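> One letter stands for each residue in the lines below.
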Amino acid sequence: MTLLVQAAQIRLSSADEPSCYSRQVNEWVCGEYVVDRWDEIVDATVQHIGITVVAVVLGLLIAFPLALLARRLPRMESSILAVTTGIYTVPSLALFPLLVPFTGLSATTVVIGLALYALTILVRSLLEGLRSVPDEVRESAVGLGYGRRSLLMKVEMPLALPVVMAGLRVATVSTVALTTVGSLVAYGGLGNLIKDGVLTNFRAELFTASVLCVVLAVVFDALLVLMQRVLTPWTRGVRA
Amino acid sequence: MTVLTDMWAYLSDPANWTGSDGILALMAEQLLLTFTALLMAMVLGLPLALWLGHLGRGGFLAINISNIGRAVPTFALLALLVVAPWPGTDSFGPYGRAGLATLIALTLFALPPIITNSYVAMREVAPDVREAARGMGMTGRQQFWRVELPLGLPLVMSGLRLALVQVWATATIAALVAGPGLGRIITDGFFRSNYGKGIAGAVVVAAVALVLEMAAALAQRAADPARRTGASTPAGGHDDALSVTGATVESSAESVG
Numbered sequence: 001m002t003l004l005v006q007a008a009q010i011r012l013s014s015a016d017e018p019s020c021y022s023r024q025v026n027e028w029v030c031g032e033y034v035v036d037r038w039d040e041i042v043d044a045t046v047q048h049i050g051i052t053v054v055a056v057v058l059g060l061l062i063a064f065p066l067a068l069l070a071r072r073l074p075r076m077e078s079s080i081l082a083v084t085t086g087i088y089t090v091p092s093l094a095l096f097p098l099l100v101p102f103t104g105l106s107a108t109t110v111v112i113g114l115a116l117y118a119l120t121i122l123v124r125s126l127l128e129g130l131r132s133v134p135d136e137v138r139e140s141a142v143g144l145g146y147g148r149r150s151l152l153m154k155v156e157m158p159l160a161l162p163v164v165m166a167g168l169r170v171a172t173v174s175t176v177a178l179t180t181v182g183s184l185v186a187y188g189g190l191g192n193l194i195k196d197g198v199l200t201n202f203r204a205e206l207f208t209a210s211v212l213c214v215v216l217a218v219v220f221d222a223l224l225v226l227m228q229r230v231l232t233p234w235t236r237g238v239r240a
Numbered sequence: 001m002t003v004l005t006d007m008w009a010y011l012s013d014p015a016n017w018t019g020s021d022g023i024l025a026l027m028a029e030q031l032l033l034t035f036t037a038l039l040m041a042m043v044l045g046l047p048l049a050l051w052l053g054h055l056g057r058g059g060f061l062a063i064n065i066s067n068i069g070r071a072v073p074t075f076a077l078l079a080l081l082v083v084a085p086w087p088g089t090d091s092f093g094p095y096g097r098a099g100l101a102t103l104i105a106l107t108l109f110a111l112p113p114i115i116t117n118s119y120v121a122m123r124e125v126a127p128d129v130r131e132a133a134r135g136m137g138m139t140g141r142q143q144f145w146r147v148e149l150p151l152g153l154p155l156v157m158s159g160l161r162l163a164l165v166q167v168w169a170t171a172t173i174a175a176l177v178a179g180p181g182l183g184r185i186i187t188d189g190f191f192r193s194n195y196g197k198g199i200a201g202a203v204v205v206a207a208v209a210l211v212l213e214m215a216a217a218l219a220q221r222a223a224d225p226a227r228r229t230g231a232s233t234p235a236g237g238h239d240d241a242l243s244v245t246g247a248t249v250e251s252s253a254e255s256v257g
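From first to last, the protein sequence lines stand for chains U and X.
In this text, residue positions in the first sequence follow our numbering: the first is 1, and each later residue adds one.
In this text, residue positions in the second sequence follow our numbering: the first is 1, and each later residue adds one.
This is chain X alone, in the form it adopts within the complex (with noise of 0.2 Å):
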């Protein structure tokens, strides 16, 4: 257990937080590439998700697409991109070194659960409340925003965390293959056999980890409509919707990378 020993010496030494490779330097990096790839996939995703999931087409690629993104280790994919002639290991601005090719792979892998969420949440507005709308005259752009979206959003929301917590694991594997974020103080404490700094490593990403999916939780209790209001029974019944086992299934086993 000297490990954990060296593991706190590591954490309570004020140098190794600060400095340009110091555990903040790092964590700011990981968290600018986080939430850079998490809105890339955001402006990609979700319109074309939405859309699909509007005119019920697609649905064969919005679900499986996940089921793909599932098969491809997200290390391999980081690998390939790196020793490709492009992007390569090339630093890239803020983002540090191999910092285009870490970009691609968390947009990759953070399409995934935002599309089939989407499209799923899309798809299960209860029918009866479609049609009430078509009856009351809506135009459907009116009914994807009016209806659709409002109802469906829970689901989006949750497709988005998942997409956080899967980025942000994503983001540490880039270590792996010397490329940028916090993993690099786990790698390098397990390539040259210093297992304190790299445990130290692990606690800190796990603890970032953490907090972000509480924070993302937040904001997905924030934004559930039904709760808001404080309405007991949201309407339509989409909390049925929610619970149906194929959507839970898909919603909650995204791998994490």
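This is chain U alone, in the form it adopts within the complex (with noise of 0.2 Å):
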């Protein structure tokens, strides 16, 4: 009998009991849940931003040195390229627990495994932006006296910065969601929150920390067209 009353209670007036996420309501949509758990929230999500950028900038310390050896030593280039396309095919479920032997069941497994990912696109995005920088512009840095070296950082990267950068986000973007996956080995991010809202059927937990990888997505994703545009100020003149 309390039982019903109880239920009756929480369904005509939710502002005073403990209501939108307990058993019997199950909302997707739920403050109360945020507010609650909110600090539970943002462990995972720093956890999750951390993963992240670690794999992204990891990537992306192995790809510079891979790119440059591809583009010195053209026959190195296709098994390069092959070898990172390889790992990329290997699905993420799979390539985690493959470094388990190795790295053990830590955030370092996660975080090598979506770096090996953000290699392959970075690599790609570095070789095709060094490519697209005209002959021509080569050339008179040449003559101009530039070395091999202030070539490649004062007149190559810059130019090649835009194709990039689109490598950067795309890598960036997948890795927010790949991070997910990490939940397999307990460092997962937000991916715990997911999986742990699956298991006991916690809907406004699925929920939440389904939007916040979204959004965090997002916010990347525009953090690093912002970057972009501080970092080459000489394209916003042409668009104008």
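Simulated from the structure, these hints should not be mistaken for lab results.
Remember, it's a predicted structure, so these values are computed and weren't measured experimentally.
Honestly, I wouldn't trust all of these hints.
[To be verified] Chain U stretches covered by chain X per the calculated footprint, using a threshold of three residues with CB under 8 Å from any CB of chain X: (1) 81-90; (2) 93-105; (3) 165-178; (4) 184-191; (5) 196-203; (6) 209-219.
All C-beta atoms, glycine included, are put in the ideal place defined by N, C-alpha and C.
Relying on the hints, combine the two individually framed chains into one complex.
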């Protein structure tokens, strides 16, 4: 009887009861869930951001020398591309377990796995970007006395930046999404909440975490667009 | 490194390969899921994208659908579908537990690479080739079937190839929400601290993924009209069109899931 009364109360006056994410109601969108579990959500989001940023930066640090190597030695290029594409083909749920014997059940496993995926995209876009630099520009720079290093850093990289940034955006957005799979080894950021939401049939948790993932991806993308605008002021003049 | 020994023990035990929960049965289930979803995505996406590309309309949508697809985590979408009242976790014919939810998620994730690549393939046919076709008096339909489609076919095929890889990866993730497929060996192993089993499952999934990718690459090569006729310079310089930065970044850059 009391149960019935309670249920009725929850339905009638949800303001008084611990309502919209309770077992009986289990709503998808629930503000109270966000308020009550704020700390948990923030922790998961911070872990998500951390894993994503470290993975993309690591991917970039490996991709840069690889791309330069591929450019210097054209014979290496096809094998570098073949190996990275091969890694890319392996599903994330299989790649993480394959790393476990070496890195254990840790955040490192997820970070390395995601960095390997980002690497594939970044190597390609770095190569495409450097290739997009017009030969005349390169020749005039050499004629002006630029050495190999300053040619790369002062002429080629800035001109390659739009293509490289396009690749970086793609890599970052997909890394944000893939981080969720890290919940397999318990380091999945918001993916941990999604997994818990599925296991316990907790709709508010599942929905909030999913929406936050997409929001994170959009925010990262917007930040990178902003960064590109700041780094390439000359392209704005052309467009205007 | 005892995990690796466990893994080998799991893989070399024939009992783990046979039976209704064996590797072979799960692999068949996942392959069935993969090809059904790919077929559904082709039926839904190919005609629309090719037609829009032919007309040159709806480009914004066709390009951006890939960006949206990349931002939505496959795991989150699967989880939402499984927890929702419909399609839920009900068994669906030969597709196993949560079969319908998995099929829907797989189809949705196969659509972006197919739509974007097919659209770009139609748009990247060199304008002078298109103009020449019109000058010869070809109707819109003839232009599409005899000029645009043959020239765009390699890029369309590369979209299908990406979709295949993507669908296989997503089908693996279905196991994270207790769905069908080989991923179940991985999640079973990990959630019950039987890491050897988990890693064994991962090896099988990765091996099949590589085989599928290689088979798709061969199919793609076979569909390239320039290579098939052995011509050294393809008509309309479409080799250049294929290597333009935009299309290449797009086509190499789908999230794996």
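> A separate judgement is required for each hint: does it hold in the structure or not?
These are the hints, each one checked on the structure:
1. Requiring three or more residues with a Cβ within less than 8 Å of a Cβ of chain X, the coverage given for the stretch 81-90 of chain U holds, as 5 such residues are present.
2. Only residues whose beta carbon comes within less than 8 Å of a beta carbon in chain X count, and the stretch 93-105 of chain U has 8; three or more means the coverage holds.
3. Counting residues of the stretch 165-178 of chain U whose beta-carbon sits less than 8 Å from any beta-carbon of chain X gives 9, enough to reach three: the coverage restraint holds.
4. Counting residues of the stretch 184-191 of chain U whose C-beta sits closer than 8 Å to any C-beta of chain X gives 3, which meets the bar of three, so the coverage hint holds.
5. Note: the stretch 196-203 of chain U has 4 residues with beta-carbon separation from chain X under 8 Å; the three-residue rule is met and the coverage holds.
6. Restraint check on the stretch 209-219 of chain U versus chain X: 6 residues with Cβ-Cβ distances below 8 Å, three needed, restraint holds.
Against the hints set out earlier in the document, no violation occurs for any number.
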